[in-house]
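The primary structure of each chain is shown beneath.
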Amino acid sequence: MAEKKNTEGWEIGMRVLVPVAGVMAGLIIGALFLVILHARPFEAYGALLRGAVGTRFGITQTLVKATPLLLVGLGISIAFRASCINIGGEGQMIIGALSATWLALGMEGLPHVILIPLVLLGSMVAGGFWGFIPGILKAKFHVNEILSTIMLNSIALQLMNFLLQGPLMDPKGIEAGTYLAQSARLSKNAWLVRLMPPTLLHSGLFIALAMAVIVYVLLWRTTIGYRIRAVGLNPAASSYSGINVPVNQAMALTLAGALAGMAGAVEVLGVQHRLLEGLTSGYGFTGIVAALLGWLHPLGLIPASIFFGGLLVGADTMQRAVQVPSALIGAILGLIVLFVSASGIWTQHLIRRMRSRNQETTGQAVPSESSGGDNE
Amino acid sequence: MLEVITSLLVRTIVAGTPLLLGTLGEVTSERAGIMNLGVEGMMSVGAVTGFMVTFITGNPWLGLIAATCAGALISLIHGFVTISLRANQVVSGLSLTMLGLGLSGLWGKPFIGRPLEVRMAPIAIPGLSDIPFVGDILFHQDAYFYLSLLLGLIVWFGLKHTRAGVIVRSVGENPKAAEAQGINVVRIKYICVMIGGAFAGMAGANLSTAYSKSWIEGMTSGRGWIVIALTIFARWEPSRAFLGAYIFGGIFVLQFVLQPLGISPNLLAMLPYLTTLLVLLGHGLSKSGKRSMSAPATLGEAYIRGGR
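Sequence order for the protein chains is A and B. Counted the way numbering that gives the first Met the number 0 counts, the first sequence spans residues 0 to 375. Counted the way numbering that gives the first Met the number 0 counts, the second sequence spans residues 0 to 307.
Watch out, some of these pointers could steer you wrong.
Unchecked claim - So the derived label-pair ranges between C-beta atoms look like this:
(1) B:Gln258 to A:Tyr225: 49 to 57 Å
(2) A:Ser238 to B:Glu172: 34 to 42 Å
(3) B:Glu172 to A:Ser240: 23 to 31 Å
(4) A:Leu117 to B:Lys175: 35 to 43 Å
(5) B:Asp129 to A:Lys139: 33 to 41 Å
(6) B:Phe156 to A:Thr221: 47 to 55 Å
(7) B:Ser83 to A:Met353: 19 to 27 Å
Just so you know, these hints were derived from the structure itself, not from any lab. Here a beta-carbon is modelled for each residue, glycine too, at the ideal position from N, C-alpha and C.
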């Protein structure tokens, strides 16, 4: 038994170490770009690290950025577990943010403890609805969810821009003649509690962590979760054993939308305190990557989203420190993700070798559930 | 009135051409089982490469060739990661989008705000362009339009009626059987991914050297995503890619026509997306839809040579 435990520890080690090696490889190629741009790589990466974890403010900022990523990623994980490729995090987040702003502005007289849960719930319903559309389209009309979620992202974006140019526009901006595309500022009782002022860290972090626990329980301790996972692992067998595949996929997409909607609300209530253009800033897409690199598991997703949060924060510092175009950051991020996803094959390879060395039985099936592995 | 309609149709074709090019490429790639969500990135790299080469050499044709090569090259990354390393196609595609957008922003920085002196000019086909109405619409376009027609025909004919097409489709539908027939599955997948990249690169150059004549960061503005959606809309059929691209292009143009009526531009901008959803909804409602909506059987799956 002791030996088995040892193997498991080794496996977890591999699953962590190999992706880290992937990150390093991405950073090394990124360093080449930096050299071409006449920036010193060590100085640049030093700034990145300092920005992300070097100061109290940096650490809190990393967590602030990790919060929406975690929420979106949890939703994406549920959808992908049901083998639905949900590209719609961005749109669902927008709808969540939109409804949160609308609700918070409409009920601003209510006390904090009643207002916050109501707004969060409202945003989950709205985001869930935005996820339900591709769900029902897939279940009833065989519309591919990749297509419908991409379309719904654009529709949500235009809807938000329309409302920000019109009905939701800040009356103060209209008075002052600036016509900024942003909503009025929410009243203070609609703000999530700042945990460590003057930093921006807010109680949304705990909401996201609580949701991670809830999603874990949902997926692994309830029948609903069991069905969702069964549908994803083997739709034919699930269908044969009486699980309604389309209904469960639609449910997974709806839950994904609800979580992304909540991410949008948390970003409004916790960080910006108003709705403005570019609020989602790509979290919907980065959340997909975080989810896949976090093995579509809440436990993996927490470090993955903190990692990406840190990269986003550090990238800003790096850009300021060595004066490189912001586009470089995107390129380096892309490289890192590419290398980490590519490293999956090595993780599997090493684990398989370790197992076959430890177990006398040959031909044992190896679950292929490693980082970024076969999730379709 | 006729002039208005002519101009609308001309603009429809102009707006639809880059989408058509991109979709033809993605169809080819997905038919071989590789989903590439990096179209936006590849297109962007194509756009900036095409622009730079045209700017420096003054020859938009060289720009076209360079963009095509750049698109094919960057798609190799996706090919290597998903085919050889068997990584998740969704993650790899998304990261290719990030990488492509980043690289193109980086390379294009010095060129922002410097318009091209020469761009891909419309070519009047002798004789045919004199036909009233039709001539103005179809035979007075830039080279990208003619190229997209030609390539569309080649992809359609190639996939449907040639041995190469059968090979590509069998690789996407049943790679093990294909390999048993002596087909080098990995090589075919690589080729198809590169064709996808080349087409996306071409579409990018279309945008930066013909559609407009300047480079701005993010000028692909979501067209790569529309291409992915159109691929599904086209049900992986090149012939339907034409339909999808021009419908989408047409609605895209329509929003500018409806704008003077006082409808919010944001609401009009939703039109292409809403229409696509509605068309598919209608299709799903019809009986034939349920049978024919299926993707290539192994789309998105990693292929393990000799695996179970």
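Pairwise beta carbon distance, Ser83 of chain B to Met353 of chain A, judged against the given window 19 to 27 Å: Cβ of Ser83 of chain B to Cβ of Met353 of chain A: about 23 Å, so the range 19 to 27 Å holds.
Outcome of range test on Cβ distance (Asp129 of chain B, Lys139 of chain A; 33 to 41 Å): violated, 51 Å
CB-CB spacing for Glu172 of chain B and Ser238 of chain A relative to the 34 to 42 Å hint: Given range 34 to 42 Å: violated, Cβ gap about 21 Å.
Range agreement (Cβ of Thr221 of chain A with Cβ of Phe156 of chain B, hint 47 to 55 Å): 53 Å Cβ-Cβ, so the 47 to 55 Å window holds.
Pairwise beta carbon distance, Gln258 of chain B to Tyr225 of chain A, judged against the given window 49 to 57 Å: holds, 51 Å
Assessment of proposed distance window 35 to 43 Å (beta carbons of Leu117 of chain A, Lys175 of chain B): violated, 55 Å
Distance restraint hint 23 to 31 Å, applied to the beta-carbon atoms of Glu172 of chain B and Ser240 of chain A: holds, 27 Å
Comparing the model with each numbered hint stated earlier shows that hints 2, 4, 5 do not hold.
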